[in-house]
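*Asks:* So the chains spell out like this:
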Amino acid sequence: MPRLELTLSGRQLIWHRFRTSSLGKVLGQFSGALGTILILAIIFVAIFAPCLTPHDPDVIDVFNKLAPPSKTHLMGTDELGRDLFTRILYGSRIALIVSLPAIGIGVIISMLLGVIAGYGSTWVGSLLLILFDSVRAFPTIIFAITIMALTGGANLPILIAVIGITRFPGYSRLIRVQTLKVRENDYISAAKGTGCSYMRIVFRHILPNAIGPLFIQAAMDIPVVITIEAGLSFLGLGVPPPTPSWGAVLRSGYAYVRTSPWMVVFGGLALIVATLGFTLLGETLRDVFDPKLRRA
Amino acid sequence: MFTFLIRRLGITVITVMGSMIILFTLIQLIPGDMATTLLGPRATPELVESLRIRMGLDKPVIVQLGHFFYNLLRGDLGTDVLNHLPVSMLVFHALPYTVVLALSSIIIAGLLGVPLGTYAASHRNSLLDKITGIVSISMITTPPFLAGLFALLIFSVQLNWFPTIGGGEAGDFLDQLAHLILPVASLALGWVGYIARLTRSTLLEELNADYIRTARAKGLSERVVLYKHALREALIPVIAVVGIGFGNLLGGAVLTEIIFHRPGLGYLIFNAVKSRNFPVLQGGLVIAVFLYSLANLLADLSHGFTDPRIRLE
Amino acid sequence: MRKPGIWRLWLPLVAAISLVLIVGITAWGNDDAIRVRSRLGNHIDNMDPAHYVGGEEYNIDLAIHAKLYRYKPGSQELVLDAAESVEISEDSTKISFVLKQGIQFHEGYGELTAEDVKFSFERHLDPRESSEYKDDWQTLCRVDITGKYTGDIILTQPYAPLFVSTIPYTSGSIISKAAFEDLGDKFATHPIGAGPYRWAEWIPEEKIVLERFDDYFGELPDIKTIVILPIKDDKAAELAFDSGELDETLVSLEEIGRYRDDPNVNVALVNNLRYHWVGFNMQHPPFDDIRVREAVRYVVDVDEVLQGAFDGVAPRANAMLAPGILGYWENAPQHQPDIDEAKSLLAAAGYPDGFEIELSAASDPRSSLVVQIVQQQLAQVGIKATIKIVEGSLYNYVGKEDHPGMHYYSYSAIPDPGYWFEWFTCDQVGKWNVWKWCNAEYDQIKDKAGLIMDREERAQLYIKLQQMMDEDITCVWLTNGASPHVYRDNIKPVYLTMFSQYHYWEEAE
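Chains as they are written, first to last, in this note's numbering: chain A, 59 to 354; chain P, 4 to 316; chain U, 14 to 522.
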């Protein structure tokens, strides 16, 4: 390394440092760059949606319903006369508002339970393992549908919670494994010996090691969670009306697929762009930081 | 090996029981009951109560749970309260539609994905490789239900090539097949891409391995090297993915079944939960969870069979 | 252990093929049958007349069961069916019937006799049976058998609906006593009647097949086989109809235009026996104040709702009863939107800036449309409505439970008007009286009307009841709905309100 540095100019050095840094590695790959661009685009749209369109996503105009794309309505209108383009733009907000907290909830629960499962006594650990596996035993979509339908239907906070619950078993196992590893570590026994508190051990030793794979797992879960929300809203069991989720747009689109296919087309494209972006970035992150995970 | 199997099977059973306990608990917490949902305005409180008694809903949860597992062991999945039919009959009638769908999808995905991935690996960085890469990614990121919607739009609605609803006439193989094509296509789409990429990447890794270089040095043709040696090894994770995929599809086929009105297990469960038909819901879920766990178990086992390192986990 | 790899693919492949073949082991399909969609897309739950759940069961009942007298094609006029003659006593408490001789039940269960009539009617009141329809026979005392084919139905007091809706309709179906005793619980999915069609095949969630009963005592129906398919989704049914998989189906309102323009398709706008409204929980503020309710009535633009959610096809209703039902209030006032009036009423009631409420509805697509439109309308006067879509039964949420706010709901009804008013009495609060309205005078008049046999008199009383609803502003009426059915040129269907009388359907050339 030092030899190289001696022969590069200042600018070349910065560029070199960047390229070999983690961020650079991620962006250096085509998939990483494309993914990042798409995600930034989605975040931009989510934040600046009101500036990008003159319409309001909720304004109903029944006499103008199911109109084809035109100058005033770039993507046409839906079954209540609302501007489709606007709803698609605002849909990015819903995708982020639901998916990120849901994953957050999964992560938080898993940090709690995963550490207990690894650190606690064996029978607590086994019990928790059974809990994790029991939740994981439900095919995700069926689990989500069942809970949402049983608790009374479309409801935003419950939706986020339910999706979060489908995620935590996977994360918990990860954290548990990390916890077990750390537990074996002599260093910890030494630390315990000197009276270090439990919480400190958790935060200083377990979590930093677990964060890496957990972060990657969570990042790769974002497109999955966005899709789950879209699927649930498609069934009417996700966000309550009139929330402009892409899944809800697809729900309307399915009902009018014969006469007004553009709802399915544009709603679908939006969903694909979002999942594409997050999938690309997630995979690139995984490849850069933890190629071992590939075989999974 | 045997103990491993028994242990895993045992864990599976416990897991299924655990999930049923979770389900029962949830059902107790929810508002609304089946009787009035279905009986309509004529359901007097006395009628609702008598229906609840017939369903056993008046007993404490533990007792209900116990009954459920006891009956399960006897092979009785409960009885649909309204029409007195055994739930097992409803479930096992719906099951083939789902199993066939999931199996066909994952097999088609494998049959298409593996050659695609192999070709891409052996012609690395060619135009086809790059195209395959892009196409694979877009296949993966299209959720199956979206693919189903698009397929419905293009092939059923616009072109009218395929039937739109149902599973096909029982007894009419060709009709069943016609009703299978679009759902399978939409489910297989994502997996083709995934399997192609996986095959490509594992194959490329294998081709760099020592023993391959030895084989090449020995003078074996590229073809032999590729197919007889590298591919065999590379397929191991692919097989595992196929197993996982099958399990995944058993549950993930729900949306596809709903879109195409295919009377499979997912469709049954969906309708049961919407109409609060608890016996059917419980019976259907037990089977779904069991199959899903079984599929995961088999996938793990095949992993364990072929990769001894994992078995020791 | 190096071998596995590739050829492991064969195993699942073989398994797949065998599975597909296993699935294929059953009866062949029938080609010259007509295929229809079940009513409301519902599948069958229970074919025991004492326990019908609703939906297609009614259609099938009309096709497979004989009654003493039945409805004529497409009309509420009555014609003798299994009975040779029916005589009603002066005080309307005794109905003497004479059965036709030689009426056969399906599947060889013998002849229909007075025993079967007694069994079929009395079981509705049997406490062990817990029939949901016992109200239809509420004044029945007993059925006396005076001969093999003759009997007397004894009532404790006159009850008009019994003559008009109970006997010719589902609760008057004459089932085979022998078959019921033979089949027990299985009767629910294998009913035996004496009607022109018999129950031929049933695959749950998939189809029901009715076959013409060749030993039927009356005129044989035209169509030999009817295949009924439960398709829940309107759009799926339309797709199926368009691709030829269905010969007749209910479609969604917005497709009427397209179907009307299609020369190969016939559209029948069938009369619904339903009433749709946007209502209030009148027991809680702010809707316990009549001024607030009146304000809302001035805000809700019914025509806009009908345009948006009913595609402008369903006719507007200003009162509860639909046209054609005894007691229809033709001159009911039509309330038009008036935002200013609404605002001043709200201000007078103490809500100058509006308020926040919950607006609940069932989870079907139309309900969702209605409440989204109403939500926007209410916002004009500062009423912020949060939409709550209720899975499962809306009844539990707005009927049994007690949540303040508004709702959109609709009930189905039967031809007799009394049934329509049944649900808004004082003792229905906490049950089907989702308005939570209690008016003692209403209860009295309603009970009285049930006992009066004179049609004119009854009609007047029913109009009075609707006036009371209008004065108390119990709800905002929307419509009685409309059911557009489409069918191909190969059949001529006949409907009685929203029920299909398969019996009278004809094959056209």
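Calculated directly from the structure, the hints in this document are not laboratory data. Bear in mind the structure is a predicted one, so any value in this text is a computation, not a measurement. Hints are not guaranteed to be accurate.
[Unchecked claim] Restricting the straight-line Cα-Cα distance to at most 27 angstroms, the calculated cross-link-like pairs of lysine-lysine (BS3-like) are:
(1) U:K131 - U:K107
(2) U:K85 - U:K444
(3) U:K85 - U:K131
(4) P:K62 - U:K161
(5) U:K356 - P:K62
(6) U:K505 - U:K477
(7) U:K237 - U:K161
(8) U:K461 - U:K397
(9) P:K62 - A:K83
*Asks:* For every hint, state whether the structure bears it out.
*Replies:* Quick rundown of the hints versus the structure:
no.: 1; hint: U:K131 - U:K107; verdict: holds (14 angstroms)
no.: 2; hint: U:K85 - U:K444; verdict: violated (35 angstroms)
no.: 3; hint: U:K85 - U:K131; verdict: holds (24 angstroms)
no.: 4; hint: P:K62 - U:K161; verdict: violated (47 angstroms)
no.: 5; hint: U:K356 - P:K62; verdict: violated (52 angstroms)
no.: 6; hint: U:K505 - U:K477; verdict: violated (40 angstroms)
no.: 7; hint: U:K237 - U:K161; verdict: violated (32 angstroms)
no.: 8; hint: U:K461 - U:K397; verdict: violated (42 angstroms)
no.: 9; hint: P:K62 - A:K83; verdict: violated (61 angstroms)
In summary, the structure is inconsistent with hints 2, 4, 5, 6, 7, 8 and 9 from the numbered list given earlier, while agreeing with the others.
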